[in-house]
Structure formats: structure tokens, C-alpha cells
Amino acid sequence: MIQIRNLIKKFGERFAVDGISLHIKQGEIFGLLGPNGAGKTTMIRMLTMLTRPTAGMLSINGWQLPQDEQKVKQILGIVPQHFNLDADLTARENLELHGRLQHIPGEKRTKRILELLEYVELSERADDKVQNLSGGMKRRLMIARALLHEPQVLFLDEPTVGLDPQVRRRLWDLIRRMATDKLTVMLTTHYIEEAEFLCGRVAILEKGKLIALNSPAELCQRLGVYVVEWNVDEGRQTKFFHSREEAAAFAGTLTMTTTIRRSNLEDVFVELTGRKVVD
Amino acid sequence: MGWYAVYRREMLVLWKQIGRMGYVFSSIIFPFIYLFSFGLGLGDRVNVDGGYLPFLAKGIMGVTVMLNAFQQTAGSVSVGRLYFHDFRSVVLSPIAAWEVVLGLVLAGVMRGIIFGSLVFAIAWGAFDVGGLNSLAVAGLLLGSCCFAALGVAVGMLVNNPTDVSMINNFFITPMTFFGGSFFPLQNLPHWIAVIAQLSPIGTLNTLLRSNVWDSGAMWAAGTLIVLTVCFFSWSAWLYSRYSE
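Just so you know, the sequences run in chain order V and W. Those letters in the first sequence? Residues 15 to 293, by the working numbering. Those letters in the second sequence? Residues 6 to 249, by the working numbering.
Keep in mind that the hints were calculated from the coordinates and are not lab data. Using N, Cα and C, we set each Cβ at its ideal position, and we do this for glycine too. Please note: incorrect hints may appear among the correct ones.
Claimed, not checked - To give an idea of the chain V side of the interface with chain W (calculated C-beta under 10 Å), a few residues:
id: 1; residue: 96
id: 2; residue: 102
id: 3; residue: 268
id: 4; residue: 271
id: 5; residue: 274
Claimed, not checked - Derived pair list, reagent style DSS-like, types lysine-lysine, alpha-carbon separation capped at 25 Å:
id: 6; chain 1: V; residue 1: 122; chain 2: V; residue 2: 152
id: 7; chain 1: V; residue 1: 24; chain 2: W; residue 2: 21
id: 8; chain 1: W; residue 1: 21; chain 2: V; residue 2: 143
id: 9; chain 1: V; residue 1: 223; chain 2: V; residue 2: 196
id: 10; chain 1: V; residue 1: 24; chain 2: V; residue 2: 223
id: 11; chain 1: V; residue 1: 125; chain 2: V; residue 2: 143
Extracted from the complex, chain W is given alone in its bound form:
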């Protein structure tokens, strides 16, 4: 149960942070702004099957999952490694690499689920966006796993905590705006739409917005699982070679 010790440590710190209102607010401020600016500004001008607001709410939930599962995990690992050095207490403990990564990923999954659900609950309360089906719940879980595992790898890899923002600029921000979270991909040039569709956030959006477990949804879920396994293995490999 070494993974549980790592997970519990991350969760204990998270609950202390959640106790400070500023932390919760900063975790959902961007999704909140996107939701209300796009929702109120474009609400009835974009034609999407099922309506634009449910489409937008699930897209923004995906963005929130990505931002929190990835950024908070990468930030926690990199700052703990390079700035506060509290990550050493994990490194110095007799816990296998895969268990450490599992604990960190599960903590990231919790971050993704907590804040993704919170943003969707706000959208549900403010607009008529309907509920979440089993595919959306699966998307919430698998998307959180995928981005949290990527966050661990990036947190282990960077040599400076500020390098995480470089990953954000070149990877996360383009996915936020071109991943189909705010508008349908068919409105984009074909080659961009194909790349966006294949990106983790594009895949997550496909799953979040599917209504039945058809081939598209199965493909999206499978892709997220494969990406999670890849990022998880990469993280465990980086951890096993840890050296200051």
C-alpha cells in the first residue's frame, strides 16, 4: 500500500489548500470565464446537435480536467522536487516507482474530478445543460488519468518549476483552444481538425459528448487508456532514474 501513502500525502496537502478560498477560485477562474463569456456571447449563434450550451459545458469540463489534473500534478511534483524539496521524503521512502507514480496519478485524478465536476455543476446551475451520462463520467475519469500521468512525467522532467509554463504555452494552451472545447472541429481547416481530434483533449471531448458506446466512443476511451499507460510508464521510468 505504498501508493496509498503517496496519495494520502498529496490529498492532505490538497485539502489544506482547498480550505483557502483563493485556491479553489484560482483553479476554476479560467474555465468559469470561458463558460460565461462563450456561453453568454455565443449561446444561440452556434449550431450544434443538442445545443451549444451542453456542448460548451462538457468542453469546458474537459479543459478544467486537463488544467487541474496536468498543471497541479506537474506543479506539485516539480515544486516539491526543485523548490521545497519535500518530494525527497517520497524519494527516500522504500516505495516502488510504480506505486509512487500511482499515488501521484490518483491524486491528480482527484484534482481533475473535483474541479471538473465543480465547473460542470456551475454550468448546470447557470444554464440548461442537462446531466452527465456514463460516457461523460468515463471521460472525466480517463481524461484525469491521462493528464495526471502526463503531469507526473513533466514534473519529473523539468529542471525549473517555471518550465511547466513552457509546456503550457506550447502544448496545453493550443489544445485548450484548438481541441474542440469551445466550438465544433468541423469549422476548422481539415488538417487542424485531424490533429485536434487526435490530441488528448480532442479525444476526451469526443468521449465526454458521446451519447452511446459506439465505435467513436470506444476509440476515444481506448486512446485515452493507451496514452495513460504510456505516460504512466514514462513517469515510472523517470522516477526510477531519479538523481539530484
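Okay, chain V solo, but in the shape it has when bound:
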């Protein structure tokens, strides 16, 4: 569905994306994970043609970018990181305008707007100005807008950033409901639990480079499913094990207080890069 080959983006002398190659299959929920400045948003912007690559090959649904730009734009839905709704307009007006920009005919447009307002649970706020909606509602409206023209690929750039945990959970449920065989979802996040909950596979980026690519479970498996943690003067120490018994046996050899838990993507990231995702 999405083919990326040796993609490079330079801003001046700095590499924002440095030679990344990926293949994302149809129907997959694929996560781009990494700290701020890792190159996640730049990747999404290049795939959505907001930013032109310095070098490399991009193809979506067999169409090449930028040559087939207009065809590709018809099958993409995009939820950007920052709110970019028309604040003076109502939720319905925002959807109506997007429908026109996407060439959806009148009757179908009206029907889809009603369906999607229902889907994202905003029917009762349809005629409220966007400026009067909460952050979570605006994000849901942006998702409805991205789905209006029935895209085949949906890009979600930090879809839950700045939202409280309850709202974030609701959005996760919404994103999982959207993932069908037809819709390919690519999301960027620096929330570990979001990537683990939603994504079939994740790519971990750091400083524009791809440093790991696999399912969250597989990445943890390689590292060791169980972690023993203990504190020393230099800071927190960790050691990974493939079974709980091995971890418990090791913890028994230590004289200080230890914690045994399951490993997660954060551990993978720290092991690979030496720093936390949210640094």
C-alpha cells in the first residue's frame, strides 16, 4: 500500500529524515514512534505532500509521488498534529467545506456528514462553532473530516497529544473501530502505550533514522519479556529475561529492593538509543 525507499529530507545541512525505507501493507495500523524531533512529522508531511522530499521514492497504492499527486490526494485522509479547523465555522460547515474540496457530490456529502457526526459522537454539537468545542471534540471532528471522502489511507499525526487520559482512551477506541481491511492507518506518537495498544507494527525513529521495525510484542520479545529493575547510586538499572523464573532467580541474587515487570516499547527504545521517548 505504502512504499518508501531511501527517503531523505534535509533542512539546510540537517537531516530530518535520513534514508528511511518502509513497506506498509493494506489494512495495517502502523506506528511511527520516536521522541520530538525524530522525524515522524516530517515523514507524514512528505507522504501527504505537504513537504517535498530531498531524495528517495514514495509510492501509495501504486501511484508515484509527486507525479500522481492529485490521484493520491483523493485516497488520503489526514489528521494533523495541530488543530487546523476553521474556528469561526461550525462543525457541520467545516465538514461541508471539506466535502466540497474533496469533490463529494451534494446528496452524498450531506449523508456522509450526518453519518460521521454520529460516528464521532458530535451530532448534538454539529451546529456549534468549532471555537466552542473542547480539545477532544475538535480532534474527533478532525478525524470525521479526514474520513469524509472515504480514504484508503489515514494519517494520524500525534492524534492524542495534549488530551487527557479519558479522552485519549475514547480516541483509541475510535481509531481501532476505523481499522478495517480497507483502511490503512499510519500514526505518529510519542506515547508508548498508544503505539502498543493500536499498532500492528511500529517503526522506531531517532534523529531521522530507522532504528527498529517490528510488532511491539516482537520487539519486546527480542529484548526479553521480563525486566528486573533496581536502584543504585548511579541511577536505575535494568536487566531483561525471557521468562519470569529467570527474572525472579536473578532478583533473588540482589540485596537491594527489586521490581519485576513485563517489558514494553519504552524499554526497547531506551535499550536502542540510551534515552527515553519523551526526552
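Mind docking chain W on chain V? Use the hints.
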């Protein structure tokens, strides 16, 4: 009909803004001040064929067209691109560059016509300035097209919304005062008069104040059309190379 979607979006936002009285007032405050300060202060002291007040009213209508078609369009595009990011919804849609620019320019034309007509209506109500002939209507349309197309190009070009004010300082403000809007160009030194005459606002003023479709009016209309085509092509080229 991709252009219509872009035009409709701009218009919908404009109508919401017009609903706020402050927006309308701020769009015509400078032309309004010019009209009454020059009209009342110099009304019977400047000798112009046909009278100074009709001359001034059409000149100020031209300034209003320029300010609104250019500034509001450049502001809408640059702020949408760089601050609110709502311009991305246009960029991400499958609409050809020329259609996007056409939609934006037509919205700018509407801004120019609405506020230019409003200021002239105020002048018509307050002073004896006569009506608008076909040349003035053509000037209103062509001037709005020219300045709106320039506004799209500038809105696409700037790296900061405040850069638009730099264009105003170096381009729009000198044209406002030296473009023949407030007094006849023959009162200026010859070289300034020639530059002013050739400027977009000087050309627009020529057309607005012409009484018949003579060679001068035809030349002015042709110049505005050529400038519109140039600015339009420039805008479409900039849009087709859009990259954040």
C-alpha cells in the same frame, strides 16, 4: 469546480467576519478618514475637471479596492499557511493549482468589490459625487482581480504573516499616496508622475475616472489584465511548488 470549493470556503469565513461590526469598520476606516479629511479639508481648493469630490471619491474607491483585495487576500493566505494552518485543508485536497488560485482570487475580488462599493456609497451619500459608469465598474472588477492575484502571490511567498506589512510599507503605502488617488498626478514632479501613472493603482485610477472607452482607458484596462495574468501565473507557480 474545485475553484468553487476554495472560493466558497473564503466567502463563508468572510461572511462570518462581516457579521462582526468591527471587521467592516476596520476594513473601511482608513478610506473613510481619507474621504472626509481630504473631502472636507480640500473640497473646493483643488481644481480638477468635473470637480474634486467625484475625483477623490473614485480615487478612494481605488485605494479601498487595493487595500481589501490585496491585504485581506495576502493576510488570509499567509495566516492560514503559517499561523492557523487551515490552508493545509486546501493544499491536501485534490484541486489543481490554477483552480485554487482562481478560488482565492475571486474571493479577493469580492472583498474589493464589497468594500470599494461601500466606501463609494458613503461618498455618494455624503457628497455630490455622481454615479459609476461602465468604465468605473470595469475598473472595480479589474483592479480587484489584479490586487487579489498579487495578494495570493504575496501570501504564498512570505515566511511570516507580519512580512505582509513590509510589503504594505514599501509597496502599498507609497502607491496609496503617490498613485493619484488624492490629487492629480500633474502636480507631482514629472518622473514621479510617470512611475505613478504606470503603477497598478495609477492605472486603476485612470480607468475609474475615464468617461469614455478611449485609448487611455483601453490602455489602462489592458495593463490591469496583463498584470492580473502575470500575478495569477506567479501565484499558481508558487502554489504548485508548495512545501512546508
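Evaluated hints:
1. 96: Because about 6 Å separates residue 96 of chain V from the closest Cβ in chain W, which is inside the 10 Å limit, the hint holds.
2. 102: holds (4 Å)
3. 268: violated (51 Å)
4. 271: violated (49 Å)
5. 274: violated (46 Å)
6. V:122 x V:152: Satisfied, since the Cα-Cα distance of roughly 23 Å is no more than 25 Å.
7. V:24 x W:21: violated (40 Å)
8. W:21 x V:143: holds (11 Å)
9. V:223 x V:196: Roughly 29 Å separates the two Cα atoms, so the pair is violated.
10. V:24 x V:223: The given pair, whose Cα atoms are some 12 Å apart, holds under the 25 Å limit.
11. V:125 x V:143: holds (20 Å)
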